[in-house]
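Enquirer: First to last, the sequence lines map onto chains X and A.
Each residue of the first sequence is one higher than the one before, starting from 2 at the first, in the working numbering.
Each residue of the second sequence is one higher than the one before, starting from 2 at the first, in the working numbering.
It is possible that some hints are incorrect.
Treat identical chains as interchangeable: a pair holds within one or across any two.
Said to hold, decoys possible - Listed below are the simulated DSS-like cross-link pairs for lysine-lysine, each with C-alpha atoms no more than 30 Å apart in a straight line: (1) K280 / K324; (2) K280 / K224; (3) K224 / K285; (4) K324 / K167; (5) K236 / K192; (6) K192 / K224.
Treat the hints as calculated values from the structure; they're not laboratory data.
There are 2 protein chains.
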Amino acid sequence: MLVDLSIGMSIAARPQYLETPVSDSVNRQFILTRRPAGLPTPEDVVRRETPIPEPGEGEIVIRNLYMSLDPAIRGWMSDEPSYLPPIPLGSPVWATTIGRVVASNSPDFSVGDIALGLNGWEDYSVSSAEAATRLEDTMGLPLTNFLSILGATGMTSYFGMVDVGKPRAGETLLVSGAAGAVGSVSGQIGKILGCRVVGIAGGEDKCRWVVDECGFDDVIDYKACDDLTAAIAEKCPDGVDIYWENVGGEMLDAVLMNLAERARIVFCGWISTYNDVEKRPGPKNMWQILAKSARMEGFLVSSYVAQFPEGIAAMGQWLMEGKIHFNEQVVDDLDNALDAFHMLFDGRNTGKLIVNIGDFDD
Amino acid sequence: MLVDLSIGMSIAARPQYLETPVSDSVNRQFILTRRPAGLPTPEDVVRRETPIPEPGEGEIVIRNLYMSLDPAIRGWMSDEPSYLPPIPLGSPVWATTIGRVVASNSPDFSVGDIALGLNGWEDYSVSSAEAATRLEDTMGLPLTNFLSILGATGMTSYFGMVDVGKPRAGETLLVSGAAGAVGSVSGQIGKILGCRVVGIAGGEDKCRWVVDECGFDDVIDYKACDDLTAAIAEKCPDGVDIYWENVGGEMLDAVLMNLAERARIVFCGWISTYNDVEKRPGPKNMWQILAKSARMEGFLVSSYVAQFPEGIAAMGQWLMEGKIHFNEQVVDDLDNALDAFHMLFDGRNTGKLIVNIGDFDD
Numbered sequence: 002m003l004v005d006l007s008i009g010m011s012i013a014a015r016p017q018y019l020e021t022p023v024s025d026s027v028n029r030q031f032i033l034t035r036r037p038a039g040l041p042t043p044e045d046v047v048r049r050e051t052p053i054p055e056p057g058e059g060e061i062v063i064r065n066l067y068m069s070l071d072p073a074i075r076g077w078m079s080d081e082p083s084y085l086p087p088i089p090l091g092s093p094v095w096a097t098t099i100g101r102v103v104a105s106n107s108p109d110f111s112v113g114d115i116a117l118g119l120n121g122w123e124d125y126s127v128s129s130a131e132a133a134t135r136l137e138d139t140m141g142l143p144l145t146n147f148l149s150i151l152g153a154t155g156m157t158s159y160f161g162m163v164d165v166g167k168p169r170a171g172e173t174l175l176v177s178g179a180a181g182a183v184g185s186v187s188g189q190i191g192k193i194l195g196c197r198v199v200g201i202a203g204g205e206d207k208c209r210w211v212v213d214e215c216g217f218d219d220v221i222d223y224k225a226c227d228d229l230t231a232a233i234a235e236k237c238p239d240g241v242d243i244y245w246e247n248v249g250g251e252m253l254d255a256v257l258m259n260l261a262e263r264a265r266i267v268f269c270g271w272i273s274t275y276n277d278v279e280k281r282p283g284p285k286n287m288w289q290i291l292a293k294s295a296r297m298e299g300f301l302v303s304s305y306v307a308q309f310p311e312g313i314a315a316m317g318q319w320l321m322e323g324k325i326h327f328n329e330q331v332v333d334d335l336d337n338a339l340d341a342f343h344m345l346f347d348g349r350n351t352g353k354l355i356v357n358i359g360d361f362d363d
Numbered sequence: 002m003l004v005d006l007s008i009g010m011s012i013a014a015r016p017q018y019l020e021t022p023v024s025d026s027v028n029r030q031f032i033l034t035r036r037p038a039g040l041p042t043p044e045d046v047v048r049r050e051t052p053i054p055e056p057g058e059g060e061i062v063i064r065n066l067y068m069s070l071d072p073a074i075r076g077w078m079s080d081e082p083s084y085l086p087p088i089p090l091g092s093p094v095w096a097t098t099i100g101r102v103v104a105s106n107s108p109d110f111s112v113g114d115i116a117l118g119l120n121g122w123e124d125y126s127v128s129s130a131e132a133a134t135r136l137e138d139t140m141g142l143p144l145t146n147f148l149s150i151l152g153a154t155g156m157t158s159y160f161g162m163v164d165v166g167k168p169r170a171g172e173t174l175l176v177s178g179a180a181g182a183v184g185s186v187s188g189q190i191g192k193i194l195g196c197r198v199v200g201i202a203g204g205e206d207k208c209r210w211v212v213d214e215c216g217f218d219d220v221i222d223y224k225a226c227d228d229l230t231a232a233i234a235e236k237c238p239d240g241v242d243i244y245w246e247n248v249g250g251e252m253l254d255a256v257l258m259n260l261a262e263r264a265r266i267v268f269c270g271w272i273s274t275y276n277d278v279e280k281r282p283g284p285k286n287m288w289q290i291l292a293k294s295a296r297m298e299g300f301l302v303s304s305y306v307a308q309f310p311e312g313i314a315a316m317g318q319w320l321m322e323g324k325i326h327f328n329e330q331v332v333d334d335l336d337n338a339l340d341a342f343h344m345l346f347d348g349r350n351t352g353k354l355i356v357n358i359g360d361f362d363d
């Protein structure tokens with residue numbers, strides 16, 4: 002897939018990582034060695050060093066520069082049936098990475114090309130050329146943007162809101178995980194499309210950021226809240242027309258009690274459950290989906306890959322107009338990947354979490 | 002609302018109930034005196050006798066002839082938040098009835114008119130004229146048909162399938178409660194619209210009826226089945242594209258594990274939960290809604306009242322063409338109403354359950 006970002010952005014200086022020589026002689030990898038119970042430990046995800054791989058027929062080798070850490074990766078580590086087969090034991094943990102092609106056995110890629118794809122927690126990934134996306138023009142934007150606002154994360158917000166939530170002006174949108182990489186952008190898209198937007202986030206700093214920087218109309222600090230059902234009722238007095246579901250568990254139950262007629266629940270994720278050791282029962286208040294003629298709908302950003310150019314163009318336009326604010330939290334060095342991954346679940350993360358694999362300065 | 006059934010049906014002899022003199026001097030009523038825990042008992046729903054009521058301004062008095070018993074009534078007896086306020090304690094239990102107007106203080110109704118509406122478990126109901134529907138022409142059909150296939154029950158199947166399920170030819174439709182008044186018709190509509198239709202019912206007799214009379218392609222006897230998840234996988238090898246949800250509980254969990262991509266769950270009811278004393282947790286496998294980009298959508302037949310003429314015309318056409326089979330189970334005498342209501346939950350009911358209030362012979 003070619004990504005065309007003809008949105009007239011000014012071209013900044015060529016970033017330094019494009020000049021950085023690749024001199025490493027080993028390939029650090031984080032291998033899934035057993036299914037985690039709860040948060041993955043260094044015994045579940047083991048660091049090892051292997052030789053730099055060679056490409057097979059039709060394959061390329063990518064020197065990974067940045068990788069995206071997402072809550073969904075925790076699900077891929079489990080063997081519960083889901084939308085992807087589980088990460089095989091003995092394989093590197095998966096992540097979307099962006100990097101430079103250092104060897105190619107494909108006419109579609111040349112050494113030096115920037116390649117994006119679902120690869121591993123590793124310095125070097127071997128990928129089939131078909132599975133990789135070449136980035137024609139980075140327009141001087143930081144490469145990290147293509148893992149965040151212009152990558153799968155931003156596209157999750159865009160297509161989940163536009164195609165699944167289908168907001169109408171004047172509706173009330175409630176966003177859980179509102180300080181997260183997806184939730185913060187989903188809420189801002191809701192604002193652009195005319196909704197009154199209320200977020201749910203944990204802690205004063207996150208709540209302030211959601212309102213002051215992202216422009217949400219209101220926010221609920223679930224950590225400072227005894228009765229979330231009542232808090233939602235107070236902040237959404239006409240009921241919730243669209244709920245952006247990132248969290249699950251008791252939060253979903255509280256929202257269900259506040260649905261407006263014909264509400265839509267955009268089922269994006271259930272971060273509260275990903276580290277459960279036993280599968281927990283579903284929400285108690287699901288009857289409200291019938292009572293309110295509501296709809297709960299799941300979606301996968303991977304279904305929209307062919308439409309990414311449309312989403313990237315829209316998002317790029319909104320960025321240029323200053324309508325979308327986003328935050329990237331970049332952790333240096335692949336060696337810190339596992340601790341960084343924990344940040345997604347323990348409240349230390351705000352915005353899109355990215356690992357700078359080789360500790361490049363750009 | 003006027004119901005026009007211009008579908009060319011032959012006019013049968015005028016049924017006898019229209020001639021039956023109303024000579025009763027008391028009004029038998031079944032009063033909800035407390036919220037039931039589990040199945041309602043004669044202590045929860047108490048029979049009493051009151052004088053025949055008089056109509057107030059703009060009101061009519063209906064001599065009820067038949068009433069519809071539906072699982073949803075059990076929900077209305079509880080005070081859990083739902084789509085209707087709970088039946089007030091001290092009031093007759095609600096039901097849709099059809100009867101004859103015996104007194105009118107409204108220009109819209111004359112004595113002798115046939116009136117349909119949400120009334121009570123009672124011989125005589127007072128209704129505002131606005132809340133009642135006058136049946137212009139019964140076309141010689143049994144009045145009971147207007148509580149079953151041409152009434153809210155049939156319209157539930159029609160609009161739930163056509164507007165919510167939106168079947169496409171070749172899809173697999175799985176129907177729970179397949180021998181019930183709604184499920185049996187929903188499955189047949191799916192057949193008409195080109196689906197492969199599999200039912201779930203309890204017991205050999207019901208299963209035979211679903212296949213032999215209603216023309217389902219296959220059926221699962223959940224009572225004779227150790228592993229419902231595996232049974233569904235066997236009968237629906239390409240997955241379930243549409244699930245007609247009447248039951249809830251473990252059955253829903255088994256279906257969730259068998260969803261096809263972009264499946265639709267038409268959330269019509271949860272009969273397995275209506276007599277629960279404590280609210281039970283929701284399904285464990287709801288994650289599959291995300292994993293399969295599926296959709297669960299609730300609906301209420303009351304939302305479609307303005308479109309009933311369209312639904313009745315379509316259903317009437319299919320009836321004439323012999324494409325829809327249905328069954329009415331008529332229990333004589335209002336005095337048997339509570340026992341009859343239990344039949345909905347203990348497996349004794351097949352087809353639409355109706356009480357012949359006054360034991361009329363038509």
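Enquirer: Look at each hint and say if it fits the structure.
Expert: For each hint, the structure was consulted:
1. Proximity of K280 and K324 under a CA criterion of 30 Å is satisfied in neither setting, with 40 Å inside one chain copy and 44 Å between copies.
2. Taking CA atoms no more than 30 Å apart as the test, K280 paired with K224 passes in both settings, with 24 Å inside one copy and 26 Å between copies.
3. For the homomeric pair K224 and K285, the shortest alpha-carbon distances inside one copy (21 Å) and between copies (26 Å) are both at most 30 Å.
4. For a Cα distance limit of 30 Å, the shortest separation of K324 from K167 inside one copy, 19 Å, qualifies, whereas the shortest one across copies, 37 Å, does not.
5. In the homo-oligomer, the alpha carbons of K236 and K192 lie at most 30 Å apart inside one protomer (16 Å), although the nearest pairing across protomers, at 46 Å, exceeds that limit.
6. Taking the shortest Cα distances, K192 and K224 sit within 30 Å of each other inside one copy (25 Å), while across copies they are farther apart (51 Å).
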